[in-house]
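*Asks:* Okay, here's what each chain looks like letter by letter:
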Amino acid sequence: MKPSYLQKKIVNYLMFTLTGICAAVSVGILFFILGYLVYNGGKSLNLSFFTKLPVPVGEVGGGMANAIVGSAKVLLLATCIGIPIGFLGGVYLSEYSRKSVAFVIRYTTDLLNGVPSIVIGIVVYGLVVHPMKHFSTFAGGVALGIMMIPISVRSTEEFLLAVPVSLREAALAVGAPKWKAIVTVVIPAAMRGIISGTMLDIARVAGETAPLLFTALGNQFWSPGWNQPSATLPVMIYTYAISPYEDWHRQAWAAGFILLTLVLLINVLARVALSKGIYVPRG
Amino acid sequence: MRIRALALAAGISVLTGAVAAALTLTGAGATFPYPIYSKWFNEYHKLHPDVEINYQSIGSGGGIRQVTEGTVDFGASDGPMTDQQLAEFKAKRGSEVLHFPTVLGAAVPSYNIPGVSAELNFTPEALAGIYLGKITKWNDPEIAKANSSVKLPANDIVVLHRAESSGTTYCWSDYLSKVSPEWKSKVGTATAVNWPVGLGARGNEGVAGQLKQTANTIGYVELIYALQNHLPYGKVRNAAGAFVKPDLASVTDAAAGAAAHMPADFRVSITNAPGKNAYPISTFTWLLVPAKIQDPAKRKAVVDFLHWMLGPGQQMTEALAYAPLPKPVVSMEEKAISKVQ
Amino acid sequence: MSSIPVSRESALPKGRALSFWRRLRAGEELAYTITLTAAAAMLLITALIVYVLFSQSALSRAKFGWGFLTSSTWDPVAGDFGALPFIYGTVVTSILALLIAIPLGLGSAVFLAELATPKISNALTFLIELLAAVPSVIYGLIGIFVLVPILEQSVVPVLKTAFGALPIFQGPFYGVSVFSAGIVLSVMIVPFIISVSREVLLAVARDQREASLALGASQWQTVWRVVIPNASTGIMGSIFLALARALGETMAVTMVIGNTPQIKASLLAPGYSIAAAIANQFTEATGDLYLSALIELGLVLFGVTFVLNGLARILILSTTKGGHA
Numbered sequence: 001m002k003p004s005y006l007q008k009k010i011v012n013y014l015m016f017t018l019t020g021i022c023a024a025v026s027v028g029i030l031f032f033i034l035g036y037l038v039y040n041g042g043k044s045l046n047l048s049f050f051t052k053l054p055v056p057v058g059e060v061g062g063g064m065a066n067a068i069v070g071s072a073k074v075l076l077l078a079t080c081i082g083i084p085i086g087f088l089g090g091v092y093l094s095e096y097s098r099k100s101v102a103f104v105i106r107y108t109t110d111l112l113n114g115v116p117s118i119v120i121g122i123v124v125y126g127l128v129v130h131p132m133k134h135f136s137t138f139a140g141g142v143a144l145g146i147m148m149i150p151i152s153v154r155s156t157e158e159f160l161l162a163v164p165v166s167l168r169e170a171a172l173a174v175g176a177p178k179w180k181a182i183v184t185v186v187i188p189a190a191m192r193g194i195i196s197g198t199m200l201d202i203a204r205v206a207g208e209t210a211p212l213l214f215t216a217l218g219n220q221f222w223s224p225g226w227n228q229p230s231a232t233l234p235v236m237i238y239t240y241a242i243s244p245y246e247d248w249h250r251q252a253w254a255a256g257f258i259l260l261t262l263v264l265l266i267n268v269l270a271r272v273a274l275s276k277g278i279y280v281p282r283g
Numbered sequence: 284m285r286i287r288a289l290a291l292a293a294g295i296s297v298l299t300g301a302v303a304a305a306l307t308l309t310g311a312g313a314t315f316p317y318p319i320y321s322k323w324f325n326e327y328h329k330l331h332p333d334v335e336i337n338y339q340s341i342g343s344g345g346g347i348r349q350v351t352e353g354t355v356d357f358g359a360s361d362g363p364m365t366d367q368q369l370a371e372f373k374a375k376r377g378s379e380v381l382h383f384p385t386v387l388g389a390a391v392p393s394y395n396i397p398g399v400s401a402e403l404n405f406t407p408e409a410l411a412g413i414y415l416g417k418i419t420k421w422n423d424p425e426i427a428k429a430n431s432s433v434k435l436p437a438n439d440i441v442v443l444h445r446a447e448s449s450g451t452t453y454c455w456s457d458y459l460s461k462v463s464p465e466w467k468s469k470v471g472t473a474t475a476v477n478w479p480v481g482l483g484a485r486g487n488e489g490v491a492g493q494l495k496q497t498a499n500t501i502g503y504v505e506l507i508y509a510l511q512n513h514l515p516y517g518k519v520r521n522a523a524g525a526f527v528k529p530d531l532a533s534v535t536d537a538a539a540g541a542a543a544h545m546p547a548d549f550r551v552s553i554t555n556a557p558g559k560n561a562y563p564i565s566t567f568t569w570l571l572v573p574a575k576i577q578d579p580a581k582r583k584a585v586v587d588f589l590h591w592m593l594g595p596g597q598q599m600t601e602a603l604a605y606a607p608l609p610k611p612v613v614s615m616e617e618k619a620i621s622k623v624q
Numbered sequence: 625m626s627s628i629p630v631s632r633e634s635a636l637p638k639g640r641a642l643s644f645w646r647r648l649r650a651g652e653e654l655a656y657t658i659t660l661t662a663a664a665a666m667l668l669i670t671a672l673i674v675y676v677l678f679s680q681s682a683l684s685r686a687k688f689g690w691g692f693l694t695s696s697t698w699d700p701v702a703g704d705f706g707a708l709p710f711i712y713g714t715v716v717t718s719i720l721a722l723l724i725a726i727p728l729g730l731g732s733a734v735f736l737a738e739l740a741t742p743k744i745s746n747a748l749t750f751l752i753e754l755l756a757a758v759p760s761v762i763y764g765l766i767g768i769f770v771l772v773p774i775l776e777q778s779v780v781p782v783l784k785t786a787f788g789a790l791p792i793f794q795g796p797f798y799g800v801s802v803f804s805a806g807i808v809l810s811v812m813i814v815p816f817i818i819s820v821s822r823e824v825l826l827a828v829a830r831d832q833r834e835a836s837l838a839l840g841a842s843q844w845q846t847v848w849r850v851v852i853p854n855a856s857t858g859i860m861g862s863i864f865l866a867l868a869r870a871l872g873e874t875m876a877v878t879m880v881i882g883n884t885p886q887i888k889a890s891l892l893a894p895g896y897s898i899a900a901a902i903a904n905q906f907t908e909a910t911g912d913l914y915l916s917a918l919i920e921l922g923l924v925l926f927g928v929t930f931v932l933n934g935l936a937r938i939l940i941l942s943t944t945k946g947g948h949a
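For the protein sequence lines, the chains are A, B and C, in the order given.
So for the first sequence, this note's numbering puts the first residue at 1; every next one is plus one.
So for the second sequence, this note's numbering puts the first residue at 284; every next one is plus one.
So for the third sequence, this note's numbering puts the first residue at 625; every next one is plus one.
If you are wondering where the hints come from, they were derived from the structure by calculation, not from laboratory data.
Don't take each hint at face value.
Calculated pairs, DMTMM-like style, for lysine to aspartate or glutamate (alpha carbon to alpha carbon, straight line, at most 25 angstroms) [claimed, not checked]:
(1) A:LYS133 - B:GLU352
(2) A:LYS52 - B:ASP530
(3) B:LYS469 - C:GLU834
(4) C:LYS784 - B:ASP439
(5) B:LYS495 - A:GLU246
(6) A:LYS99 - C:GLU652
(7) B:LYS461 - C:ASP699
(8) B:LYS469 - C:ASP704
(9) A:LYS8 - C:ASP831
(10) B:LYS495 - A:GLU59
(11) B:LYS467 - C:ASP699
(12) B:LYS375 - C:GLU652
(13) B:LYS329 - A:ASP247
Put together the whole structure using the sequences plus the hints.
*Replies:* The structure is reproduced here in structure tokens:
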């Protein structure tokens, strides 16, 4: 006996309602997290959070000014290391590589992208911290920089490949050498995408905590230069969250709020820029 | 874009440059004395704005490890380094490492039992039994017999210990090894042990945090963490048979014997001390300073700080519930500072 | 415009033109070499990671051999190290996370790919991708202060009355546990399953759906019997990808798993994961063997995620390519 039309219809509605509920729950989680952080973080924020140094353990007050600057420095360095290598690697994959070589590199890149961040922490401790004999902003930057490379490679490649073939052919037809065509035509055409990709890349590593535990360590003062241990926002959130002090919990919420706002803001901006079309300007 | 990046770089260099201190020392290790250390380093920086001492409380094991690897300028630990660790230090760094006691503290059995606010009495057998996993209920006769006036619930005991390598663990396991032969043979004394039972939390901060979050827990923390967090903590029966509350006087008493027989390298255990009023789970906590510091500026900063710590620094300890060093130990240390070359 | 450089060139003397071309060729070579070096850096970095993990874990590998993976002792005093409790904790939390995340993620993906209008689908996908961007430590923060109390007060008592007879829900619950870690992980990996599965579902060819609908199947029947089976390899890929994420996740797990190296049948008991063990103990391991054992844990984690990610990529590639063809 085949199911009746009505039965079919009921199952149809029921199952699709269920999928709708799944989607609602998934999106709901985001709003739940956001709501909690905005509520707890918002009421915990004050001016000294941005301007003061941490106070001794158990005392009330102070802020995370050094961690904010520390995070900015680590990210700046990571970007300087990760983006150029990633960008050039992406150019190679999309413009120069032969099929078999491209496959190997693309595959390795994806695997590298999946390496747990804590493993990167161990490796950078072994390669940078241990030989240099100190924990440092530099080591933290290297760790996050390595994490940025594979993402940057793949996004650069993707946006370059999206540039129409006709545009390249036009450039080559006028007698421009290939590299010149790439530099003057292909890359500018994909620039918007590449910049957005870079921003997403920065946002992804901005919240990384695990690799910084063994590299940047922490610091209750300012960290001048690049060779001193440095406080960073994610590590501060971690240490403050597991502590027993109410006031540190408050600051952990505040820091979480700031971190999440920054990460989501960058994401939204970059994605909006992308959705407006990255393709070639006409003319 | 480029202009923005330049502005950012300039902004950062101004921010960091403007506040750059002449000298930064990095230390890492014990969480046990972290409250007093962060107070000291903060005060010291106010007195000497050109010196910043960055201290990260990553655990005593970490202090020993990182000072041995040379990734920090000094370490800190609540358990003295073992002979093997000293040999390893010498092999890796080519010089000695010096122990400088800074303050005295106590590891206290702290608990969170809903409905029980009384101060509990713990026998050594009860503590060893709980941490060996043999005593599993709060109303176990071994706990109840020392607390006849308290109504203890029949709840399961949730045992908390440190997740990482810790000097507080050293002190706690050292004490249990002295009072329980079974603990000594099965588990032993170290900064990190193979726990028969319990939940791990990171740092004294983490154990205190977990204590507050979870009901029916027992954990061991440095006295100040129990005080700052308003956690109840119990008395422990000492070697003389008296139940003693951990406080400045009873910890100082525990150190009294050791002060008279202090070995030249300051590595001494004062758990289960004989005095009538001595709190049995007390310990010195040490700074681990390499005997050879290449950079003369850093060497001077370390030496200056050690002198300050033994002088004005000692006056700040009591406010944070740490016992100051006995006088004879201070004068011994003053002499030992000259070994830092 | 385009003819200008050409005519200028032809006007140049022959010798100069030649060197000009050579310079250009050099430029070409240079561009090629530079980009190739950058691309080769991927291989180099991967090799370097393997080398560091492998060489620095030599002490532990020599001492324990393969027994490292099967021994359940973790005794820093005696210097006896075995990875089993950490492997167990990692695997159990990840499986638990998948059990929750697969139905939730697939359901959402079907909704987004099949039912929602493109506009709504894109908007929701956008939000879900934002969820993937939330840093791990923030999940940990929410885990400690929000999720654990909720589990303790409402969820676990209900579970215990309903399924208390099952060994997986026995024993006391302290808040931090394998169960809590699994829940936090499930939330963290759902976005990966959704966004990849949605792509894969959308890639299933139009004519296959239309054929099914023409035969009188309802829309749901079409999804269930035609679209999902056709996309199943890619969906498997998304699951592997999510699994690899879950296995390597560190901070959120460390904050809620309880950090106790033990193997218990109950999900309510605390446990330990590989990544959490490294995060907690790496900087403070005293003794070279201890450190070496931790690095070997890192090697194990690296190996497992490497294989899983590799499989995932192959599966996803094979369906999205197949779908387009």
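*Asks:* Going through the numbered hints above, which ones does this structure break? Give me the numbers in ascending order.
*Replies:* 2, 3, 12
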